[in-house]
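Let chain A serve as the given structure and place chain B on it in line with the hints.
There are 2 protein chains.
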Amino acid sequence: MNLFKEEEIRKYVAVNEKAIEIVEEGFMALANGKVTLPPIMRIDIPENNGEIDVKTAYIKGLDTFAIKISSGFFNNSSLGLPSLSGMMILFNTTTGKTESILLDNGYLTDVRTAAAGAVSAKYLAKDNIQHVGVIGTGTQARYQIEALSKVREFDTIHIFGRNEEAAKKYAVEMEAKLGKKVIIAKSPEQVVKESEIVVTTTPSTTPLIQAEWLHPGLHITAIGSDAEHKQELDEKIFSQVDMIVCDVKSQVFRLGELHHAKKQNIIQDDSTIIELGEITAGFKKGRENDGQITVCDLTGTGVQDTVIARFAYEQLHTKIKEFQL
Amino acid sequence: MNLFKEEEIRKYVAVNEKAIEIVEEGFMALANGKVTLPPIMRIDIPENNGEIDVKTAYIKGLDTFAIKISSGFFNNSSLGLPSLSGMMILFNTTTGKTESILLDNGYLTDVRTAAAGAVSAKYLAKDNIQHVGVIGTGTQARYQIEALSKVREFDTIHIFGRNEEAAKKYAVEMEAKLGKKVIIAKSPEQVVKESEIVVTTTPSTTPLIQAEWLHPGLHITAIGSDAEHKQELDEKIFSQVDMIVCDVKSQVFRLGELHHAKKQNIIQDDSTIIELGEITAGFKKGRENDGQITVCDLTGTGVQDTVIARFAYEQLHTKIKEFQL
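Going down the list, the protein sequences come from chains A and B.
Quick note, my numbering runs 2 ahead of the 1-based positions in the first sequence.
Quick note, my numbering runs 2 ahead of the 1-based positions in the second sequence.
Hints listed in this document are in silico derivations from the structure and should not be mistaken for laboratory results.
Heads up, some of the hints might be wrong.
Identical copies go unnamed one by one, so any copy, or any two together, can satisfy a pair.
[Stated by the list, open to error] BS3-like mimics (lysine-lysine), calculated; alpha carbons at most 30 Å apart, straight line: (1) K171 / K99; (2) K152 / K62; (3) K99 / K232; (4) K251 / K170; (5) K195 / K265; (6) K99 / K321; (7) K321 / K232; (8) K99 / K13; (9) K99 / K7; (10) K195 / K7; (11) K62 / K232; (12) K20 / K62; (13) K7 / K321; (14) K36 / K251; (15) K124 / K36; (16) K264 / K128; (17) K36 / K188.
Remember, predicted model here, so these are calculated numbers, not experimental data.
Chain A extracted, bound-state conformation:
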């Protein structure tokens, strides 16, 4: 059994083409019916503004699978501690033996979430774009755009964040990192109107993007909502777009943006909703022309966790000296 720390994991796993490829394969396995995906286990500790989630997925035929435990404790900043922590544990599917504990503190989740956003844009965004937009100024706002840059060429990033300082810091960092122009927008509306792809990355509990702002050719990826009370998109958006895609139907109707659309009777049934894996596996088509408006609701699935944990372990196992217990 090997145990790896965050700094080691960060050294050998990045938001790159390979990470996007394996996450895409994970979605394909899901669409091919090869995945056992139990519902998320969640422990809420409301008195400390905290929650711990457990996610897992077994992909038939693979020699390992992961269980991920991730915690978010949102009073931690007042204690000078990061809000997120956690780990992924890799188990052997023949013997049940623990192969590895990856103490990543949420880093691998960041990578697999960004990779899913890139897979969504790969199949749903227009082929040729110049402007991408992002709402939020945190870690995912960075990784999502970095991942996007692996599947589309673009030259300008439009960012909106409530905290102006954070937006400025984002602009400086991302201009240096990606060599692209970053424009700080005055409102989410400005971001949407200027952009051909928009990624929402906030923990908002009220809609940030309104249906009136949609325009032909737009693709939106919403990654913020992963709990009942979170919402980034006006639910009317779902009645006005040409394609609605999600990661896992059963999950988005419980925890994602679509949860609100269903509650408001905007989506009556899920038969018109497409799972991302159905597109990556070739069962359904992605974007068909440059005029369509598309939206992808991502809540994060155990399949992504299993594939990224397996990938990280392969990288680490072969590249660094083992820490034998």
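Below, chain B without anything else, positioned relative to chain A:
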């Protein structure tokens, strides 16, 4: 963050009065409505005869809680490996930080399961007994009787196991360990008829104990069934006893002996069933006279895992040199 290995944990945690006391307190907390107890998460890997369970419980007000991951892979013996493995992970309830990883390989589950059996007997068995019986010859057959010896004085153990050699080995070991007489029975029927307390500890999928064998004063604790297909007790037993007790109603009606009783319409509703915590908390009475027949259906709960993990960590933390990551 501290990481402890099985051999260290075994050194400092035993089936003793303290372990029984803290498990009893866990059941009380449950009855007092202080526990958040999410449903068990389960991943089946049928092609390898394996399953992995995740259990957890948060007890309000305590500074840590545990998530337990336990695996059972029942082809492992053919590979020369133990069937069970796994760990308990202790999290800080204020920050979500991982406090400790206890690589116990199921040992702490054995301890807390035995402790629950003892709590059940403490409140449900007659005060004065001489003969206890056990079905099965494995680890729990040992720990259950060891735990029983902390709450009742008895002088004879009746054991039945399908494997005669294993039963003989059990007899030699337990006579030496507890200083009590061990009689190898020819049948489960003989065990039940000779005993005042019977503990069933097998993974049987067909009833081992028949309703016709019940007699006044008998208490049965059934610990084997923790999955839909397992069953140790003839479901008719539940129509013939004076008290039916369980650990958690929602769980036993899904996974325990009572699952079969409900399916056969022997138990129509759960209003007459008592949860063990309701007795330990003083809300309901245990055994009231020496003539009653009582049965306790235990499936194992996350509460027991949280209290035993906390207990183990306290013991280890104070007693051995820390292994700092």
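Now the hints, each set against the structure:
1. In this assembly of identical chains, K171 and K99 lie within 30 Å of each other by CA distance solely across copies; the values are 28 Å between and 44 Å within a copy.
2. Taking CA atoms no more than 30 Å apart as the test, K152 paired with K62 passes inside one copy only; the shortest distance there is 29 Å, against 46 Å between copies.
3. Taking identical chains as interchangeable, the C-alpha atoms of K99 and K232 lie at most 30 Å apart only when they sit on different chains, with a minimum of 24 Å there against 37 Å within one chain.
4. In this homomeric assembly, K251 and K170 never come within 30 Å of each other (Cα to Cα): the closest approach is 37 Å inside a single copy and 55 Å across copies.
5. Only within a single protomer do K195 and K265 lie at most 30 Å apart by alpha-carbon distance; the minimum there is 28 Å, versus 59 Å between protomers.
6. Taking the shortest Cα distances, K99 and K321 sit within 30 Å of each other both inside one copy (22 Å) and across copies (28 Å).
7. Taking the closest pair of Cα atoms, K321 and K232 never come within 30 Å of each other, the shortest separation being 39 Å inside a single copy and 45 Å across copies.
8. Taking the closest pair of Cα atoms, K99 and K13 come within 30 Å of each other both inside a single copy (26 Å) and across two copies (22 Å).
9. With identical chains, the CA atoms of K99 and K7 are at most 30 Å apart both within one copy (20 Å) and between copies (14 Å).
10. For the identical chains of this complex, K195 and K7 are neighbours neither inside a copy (42 Å) nor across copies (57 Å), given an alpha-carbon limit of 30 Å.
11. Taking the shortest alpha-carbon separations for K62 and K232, only the inter-copy value of 25 Å comes in at or below 30 Å, while the best intra-copy value is 32 Å.
12. Only within a single protomer do K20 and K62 lie at most 30 Å apart by alpha-carbon distance; the minimum there is 21 Å, versus 43 Å between protomers.
13. Both within a single protomer and between protomers do K7 and K321 lie at most 30 Å apart by alpha-carbon distance, with minima of 14 Å and 26 Å respectively.
14. For a Cα distance limit of 30 Å, the shortest separation of K36 from K251 inside one copy, 16 Å, qualifies, whereas the shortest one across copies, 33 Å, does not.
15. In this assembly of identical chains, the alpha carbons of K124 and K36 lie at most 30 Å apart only when taken from the same copy (23 Å versus 48 Å across copies).
16. For a Cα distance limit of 30 Å, the shortest separation of K264 from K128 inside one copy, 27 Å, qualifies, whereas the shortest one across copies, 56 Å, does not.
17. Taking the shortest alpha-carbon separations for K36 and K188, neither the intra-copy value of 45 Å nor the inter-copy value of 47 Å comes in at or below 30 Å.
Consistency note: the structure conflicts with the earlier hints numbered 4, 7, 10, 17.
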